[in-house]
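Enquirer: So you can see what is in the structure, the chains are spelled out below.
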Amino acid sequence: MSAVVDSHGHGHEHHHDHHGGYGGIMRWITTTNHKDIGTLYLWFSFIMFMTGGAMAMVIRLELFSPGLQWVNPEFFNQMTTMHGLIMVFGAIMPAFVGFANWLIPMQIGAPDMAFARMNNWSFWILPFAASLLVISFFMPGGAPGVGWTMYAPLTVQMGIGMDLTIFAVHLLGMSSIMGSINIITTILNLRAPGMTLMRMPLFCWTWLITAYLLVAAMPVLAGAVTMTLTDRHFGTTFFNAAGGGDPVLYQHIFWFFGHPEVYIIALPAFGVISQVIPAFSRKPLFGYASMVYATSAIAILSFIVWAHHMYTVGMPVTGQLFFMYATTLIAVPTGVKVFNWVATMWKGALSFETPMLFAIGFLFLFTLGGFTGLVLSLAAVDIQLHDTYYVVAHFHYVMAIGAVFAGFAGIYFWLPKWTGKMYDEKLGKLHFWLSTIFINITFFVQHFSGLAGMPRRVPDYPLMFETWNKISSIGAFGFGLSQLLFLYIVLKAIRHGEKAKDKQWEGADSLEWTHLPTPVPYHSFETQPVLK
Amino acid sequence: MSRNLKTALALLLISLVSFIGTIVKIWMMRGG
Numbered sequence: 013m014s015a016v017v018d019s020h021g022h023g024h025e026h027h028h029d030h031h032g033g034y035g036g037i038m039r040w041i042t043t044t045n046h047k048d049i050g051t052l053y054l055w056f057s058f059i060m061f062m063t064g065g066a067m068a069m070v071i072r073l074e075l076f077s078p079g080l081q082w083v084n085p086e087f088f089n090q091m092t093t094m095h096g097l098i099m100v101f102g103a104i105m106p107a108f109v110g111f112a113n114w115l116i117p118m119q120i121g122a123p124d125m126a127f128a129r130m131n132n133w134s135f136w137i138l139p140f141a142a143s144l145l146v147i148s149f150f151m152p153g154g155a156p157g158v159g160w161t162m163y164a165p166l167t168v169q170m171g172i173g174m175d176l177t178i179f180a181v182h183l184l185g186m187s188s189i190m191g192s193i194n195i196i197t198t199i200l201n202l203r204a205p206g207m208t209l210m211r212m213p214l215f216c217w218t219w220l221i222t223a224y225l226l227v228a229a230m231p232v233l234a235g236a237v238t239m240t241l242t243d244r245h246f247g248t249t250f251f252n253a254a255g256g257g258d259p260v261l262y263q264h265i266f267w268f269f270g271h272p273e274v275y276i277i278a279l280p281a282f283g284v285i286s287q288v289i290p291a292f293s294r295k296p297l298f299g300y301a302s303m304v305y306a307t308s309a310i311a312i313l314s315f316i317v318w319a320h321h322m323y324t325v326g327m328p329v330t331g332q333l334f335f336m337y338a339t340t341l342i343a344v345p346t347g348v349k350v351f352n353w354v355a356t357m358w359k360g361a362l363s364f365e366t367p368m369l370f371a372i373g374f375l376f377l378f379t380l381g382g383f384t385g386l387v388l389s390l391a392a393v394d395i396q397l398h399d400t401y402y403v404v405a406h407f408h409y410v411m412a413i414g415a416v417f418a419g420f421a422g423i424y425f426w427l428p429k430w431t432g433k434m435y436d437e438k439l440g441k442l443h444f445w446l447s448t449i450f451i452n453i454t455f456f457v458q459h460f461s462g463l464a465g466m467p468r469r470v471p472d473y474p475l476m477f478e479t480w481n482k483i484s485s486i487g488a489f490g491f492g493l494s495q496l497l498f499l500y501i502v503l504k505a506i507r508h509g510e511k512a513k514d515k516q517w518e519g520a521d522s523l524e525w526t527h528l529p530t531p532v533p534y535h536s537f538e539t540q541p542v543l544k
Numbered sequence: 117m118s119r120n121l122k123t124a125l126a127l128l129l130i131s132l133v134s135f136i137g138t139i140v141k142i143w144m145m146r147g148g
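Chains as they are written, first to last, in the working numbering: chain A, 13 to 544; chain B, 117 to 148.
One chain only, chain A, in its complex shape (with noise of 0.2 Å):
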């Protein structure tokens, strides 16, 4: 956008500073702002990603020898479970969400998001729903300890925990669908005059698209739930054999929702990359609109590909054939996009700062759990490394690193024009090196442990796989320590930080940036700039 000129002016000559109405906490459960709202999404990520982390903690505690030394099995499945769901609906999903919130009515010239009270609703529920997933712990049998993808027909002996779950799941449907109609309406009706779609940012390209498939995937999954509790409670049969119903359905529903859910953390995150990778290189993004259609072309595949996480189920050959070369064809537009951030950084005046650095780490190590996915959706070997150690490895590169990097540098990135603060710029790249070394500790060598069968999701193991696993809990420790370096960081920062400058970074060009002060104010573009 480097080429637009603001012939309105900022529109913040005149902006009022309030906070609406209410002060204190009252202004935060009202809030209508989109920037209130995109700052209790962001907040609410990071507790749940530190409550997930605790558990991910117990998990590798437990893992840290051989035998059963601090937790029973059940509740060690609990652990699994619950770590999975508090970090994919908990974490990642609200991250980026706060991110959208935040960034897209400035970044395409818009006051506010189109329905702004249903924006505050779309928060709100995500407290509930995690308070239900927690609370499931404290109910007689415990939390759920049947994995995060809730296969039937382990569902359906779980106690009360489960149903509780399954509200939660609801709840954290209904949010993200809410998210998803006023990202969608935003886009499409609030953009400023001369915003044309292929002018946007990369950023809301993405989450154009990703509200497009939340739109479609969450009422699967929540159907499929729905199913469960109805199993569960009404008499029906839907995942039953003795009834009639299959079990395995329950997994094709599961994966139709899944695997464009992994495209729903991915796609946000390649957004972020996308507007930090220019910013350094000091050069518009390099192929911007074949950037568009293969986040399109990705979006559209991971509909057709859901049957490559369950090949072991007894599909026939040619199922498992057409899921794989489903599947091997979605490396063609992700290795475009791959391709696009590396031509873009080609022959840059690069510099390297944290959120650079993340980004640059983003694109090493999701690349790499990008090549595991490869490995894995070859039927024959897939079949070999089903549930083991290798896959969750695969998905903690794609996911822990990937999205979460990718966070990372956006929240780096961003900071300064949210807070009007800059961080420690020393403190942040330790942080970057001590979370890219240890998240490599933890998970590298679970290739190595998968390789060689250890199934995941059991809480005790034969001793050859001792010193792998001793690695992976002493790195999976240190990650989890870097990440208070991390709060400290951005309390630092919003506390005692420098004065951030209008246009932190040179090389960025996108609207926040060029068309709105530092810190931004309350209210922004309550006139519409008119782009040329």
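It should be emphasised that the hints constitute simulated quantities derived from the structure, not laboratory data. A few of these clues could be false.
What the hints assert, rightly or not - Just some of the chain A residues that point at chain B, by a computed CB distance under 7 Å:
1) Ile189
2) Ile193
3) Thr197
4) Asn201
5) Pro205
6) Gly206
7) Val227
8) Pro231
9) Gly247
10) Phe250
11) Val260
12) Leu261
13) Ile265
C-beta: ideal position from N, C-alpha, C; glycine also.
Using the hints, position chain B against chain A.
Expert: Showing chain B alone in chain A's frame:
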């Protein structure tokens, strides 16, 4: 009806079709 409301209702319709369609599809696939 405003353009925003029309967009939202269309998207809500997609999600409802997705939700009900999932349950109806699984219902139809039950064995005897």
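Enquirer: For every hint, state whether the structure bears it out.
Expert: Comparing the hints with the structure gives:
1. Ile189: holds, 5 Å
2. Ile193: holds, 5 Å
3. Thr197: holds, 5 Å
4. Asn201: holds, 5 Å
5. Pro205: violated, 15 Å
6. Gly206: violated, 19 Å
7. Val227: It holds, given that the least Cβ distance between Val227(A) and chain B is near 5 Å, below 7 Å.
8. Pro231: Holds. Min distance 4 Å.
9. Gly247: Where the cut-off is 7 Å and the nearest Cβ of chain B is about 13 Å from Gly247(A), the hint is violated.
10. Phe250: Since the shortest Cβ distance to chain B is 5 Å, the answer is holds.
11. Val260: violated, 11 Å
12. Leu261: holds, 6 Å
13. Ile265: holds, 6 Å
Of the hints listed earlier, those the structure fails to meet are numbers 5, 6, 9 and 11, in rising order.
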